[in-house]
Structures are given as C-alpha cells and as structure tokens.
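Participant: One letter stands for each residue in the lines below.
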Amino acid sequence: MLTKEQIAQRIAKEVKTGQYINLGIGIPTLVANYIPKDLDVVLQSENGLLGIGPFPTEDKVDPDLINAGKQTISMVPGSALFNSAESFAMIRGGHVHLTILGAMEVSENGDIANWKIPGKMVKGMGGAMDLVASAENIIVAMQHCSKDGQSKLLTECSLPITGIKCVKKIVSDLAVVEISPEGGFILKERAPGVSVEEIKSKTEGKLIIEGEIPEMTFE
Amino acid sequence: MINKTVKNAQEAVADIPSNSMLMMGGFGLCGIPENCIKALLEKEISGLTIVSNNAGVDDFGIGLLLQKRMVKKMISSYVGENAEFERQLLSGELEVDLIPQGTLAERVRAGGAGIPAFFTPAGVGTEVAEGKEVREFEGKLYLMEQWLRADFSIVKAWKGDTAGNLIFRGTARNFNPIMATAGKICIAEVEELVQEGELDPNQVHTPGIFVQRIFQGDNYEKRIEHRTVTK
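First to last, the sequence lines map onto chains Y and S.
With my numbering applied, the first sequence has no gaps in its numbers, which climb one by one up to 221 at the end.
With my numbering applied, the second sequence has no gaps in its numbers, which climb one by one up to 226 at the end.
For the record, the hints were derived by calculation from the structure and aren't laboratory data.
You may find that some hints are simply not true.
Claimed, not checked - Calculated cross-link-like contacts (lysine-lysine; reagent style PhoX-like; alpha-carbon spacing at most 20 angstroms):
(1) Y:Lys125 to S:Lys67
(2) S:Lys135 to Y:Lys167
(3) Y:Lys18 to Y:Lys39
(4) Y:Lys6 to Y:Lys171
(5) S:Lys135 to Y:Lys170
(6) Y:Lys149 to Y:Lys118
(7) Y:Lys125 to S:Lys68
(8) Y:Lys170 to Y:Lys190
(9) Y:Lys18 to Y:Lys170
(10) Y:Lys149 to Y:Lys6
(11) Y:Lys149 to Y:Lys204
(12) Y:Lys190 to Y:Lys202
(13) Y:Lys167 to Y:Lys208
(14) S:Lys217 to Y:Lys62
(15) Y:Lys149 to Y:Lys202
(16) Y:Lys39 to Y:Lys15
(17) Y:Lys171 to Y:Lys202
(18) S:Lys226 to Y:Lys62
As the list claims (entries may be wrong) - Quick look at which bits of chain S chain Y covers, simulated, 3 or more residues with Cβ under 8 angstroms:
(19) 116 to 124
(20) 209 to 220
C-beta: ideal position from N, C-alpha, C; glycine also.
Throw the hints in and build the complete structure from the sequences for me.
Facilitator: Take a look at the structure:
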C-alpha cells in the first residue's frame, strides 16, 4: 500500500512540462514536492495566484499571501496575481491543463463525489465543482477504501456528486486506474506488494484487467 | 475628481439598516474589511444577508457578526471553519446558500457588469442544478445562473485615493474588486489613503467609479488561519 507521500509522488509523474496545474487540498498539495525540477510548470491557486512557491521561511510570512487552503505561501519569480472572477475564467475557460484533487467516491463513468455527506455538517464545495466541470485532465488522489473497508471506486456514487463524467485517472493507495470512456476502471499499475486479486476485491465498480499489470516503482 | 472620503468605519456603515444585503470581500481571513466588521458590531442591526466566500472563524471576521446574531443568511462557497456557524445552521437560526466558488465570483461580476444571467458548466448533474435551466452549447451542458447584487458592498484594499481608486496586494485581492462593482454603495477601507494623483493610474485595479465611500482603516490584525513555514 502506498503512503500519502507515495500517492503524491506517483501523481507527480503525470505532470508534463508547460502545464498550468491546480492542486487541491490534502494529498494533492503534496504533489508539488515531487514535481521534477527540470519541468516548467505553473501552479494555480484559485484564490488568485499563478506561481505558488514553497512555504515561506518564518521571516517572510505574509498574511496577504495564502493558498486556497488558507496556508501561508510564497511566490515564484514570474508569478501573477488576479481576482476571483479572473481566476475562474482561467479554470472554466480551459486554460488550466491539469486538476489534481481528492475524492470520497468515484464512479466507473468518472463521476466524482467529494463535497457533501448528507446528515453531517456541510462545509461547501469551494471551487471543486468549477474545477471538475472544466479541466481537460482530472486526476484523483484517494484511498481505495474507506476506514471501515468499503470500496470508494463504485458503479455509481452513493454521495451527492461534485461533477459528472470528469475523472480521467485515479491514483489510490492500491492502484493506478484510468476511467474508460465506455465506463469501467482500467487497471494500469499495482502498488508494490498488492495483488490484482486484492485490487479486484476492493473495487466495487467494474474493473478492467488487460494483460500483465506492472508494479509501480519509486526512486 | 469627486471626493469619496468619509472619516472612519463608523461613518461609512452608519446607514446600513437591518435586513440589508451586504457583500464582503476576502478569502478566508485574507483581505477582509476588518474595520467595517468592527463598526457593524457596534450597531444594533440584524437580519443581514451576507455574500462572502467564507464566514470567518469563531472569533474573527464574519464569525463575530454571527456570534452577535446579526446574520440571517450567508451566501458562500465554503464555510467550514466556524463552530458557531455550524450550531446556528443546525438549529435553523441561520440559512446558508452554498454556491460553487467560480459561480459565486461570476454572479458577483455579472451583477456589477449588468449581465442578469449566464451559463456555466459548474454544477451540471449535481444538487446545484436543481430548479435551474440547463442548456446545451456545442455538445456540452451548462446551467443558467443569475447575477448577484447587494445594497452595500464592503471591500478592503491595500492603497486607495480620495477619488476611490483602489490597489490590492497579494492574494488579499480575491473577491474584493468584483464585489466593489456589485453593491449599490461600495465602501472601501484601505491600509493607506492618499490624495488623488498620488496613485499611478497604470497600477489601479478598481477604478474609483465603483467606490462611493473610502477611509483609511487602522489596527489591521491580518490574522493568519494556517501559518505554514519552511524551516
């Protein structure tokens, strides 16, 4: 099984030079730590910044400079600042190439649920619905099963959905799967030491297995 | 130029009545109008509807207005940092309208720009789409969303001049410039107020036409929600 850091590390391999990328809160934020230094990419923060840098040193902390998770951040050289309407013009307008976000559930046709659990406190969707409705490529970072062992890769989402037919790829603690345009989770890679059988037993939705499934490697 | 200055926050918010609709700039606690929030707390008003991306935290920002039961309804995209908010919501004292963040921003922008409705892909196929017109454009589905306008919009900028021109700083810009355009009366509080002619027009983010009242605030706390540092 992959740690959260390893999920982030595996997702970082999907990043290509020249991309503008929006990273969600949680594991997706960690992806920034693993993007190879020789790639030219720009991280977008939907509260109004292109060019997120590392967390600042203590003496450089600036309350006027935060990310969408309300953490203090820095800006890389060449950054740009803008208002919220312009930020979502970038997102909905298709100018952000890649969105990486977390999920509570994903269905085999690419629906995602990550904003609401009925009966529990509802905190809101933030920018997630705009992001999933718009990005050309959406990769989800998630745990394959809930804490009580229920699969989160489903035939249909049971929770209120955030967006329809939008997820392209999932990196979970057990596997990398792609969503087939015809429906179904196409198994592409296994986490080290995890068998195809285990992934199959922990995937409630349709799992498509073609040929040998390679094990992920980490440097 | 028309002089927009008022003495202070108390004067700026003096005529805001109960049951009015307000917009307040800020993302989390970043770029919120701290001085006007304090001045509102001193007023005996209630039943406010507040459009703001977030609802502050328990003891700062809009959270203070909630503590004093001044708010009837919040229109926001994310409200998760506030225990009093949760209590009032669950007890039915407070209404909340949750809106995708980009839709919220565009509804405010549209309100200020005189565009009564627009189509967005955000929320298609979800609860957000319930009761809304859905239309197909070039093979993709979009929802119709309507503009948002307010009686007063209250924004916070870094610098401003007596003509109401505003310059924002860092990510404290967020919803402030668009909300400035969507209130019948826009109140701007700034960290530094200068005379007209002292701001470089090339650098102005919000032209003074959108601002009706401006004053220099004081004692900005600029509270940080999550102080994250590189050691």
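Participant: Under the constraints set out in the numbered hints, which ones does this structure not fulfil?
Facilitator: none
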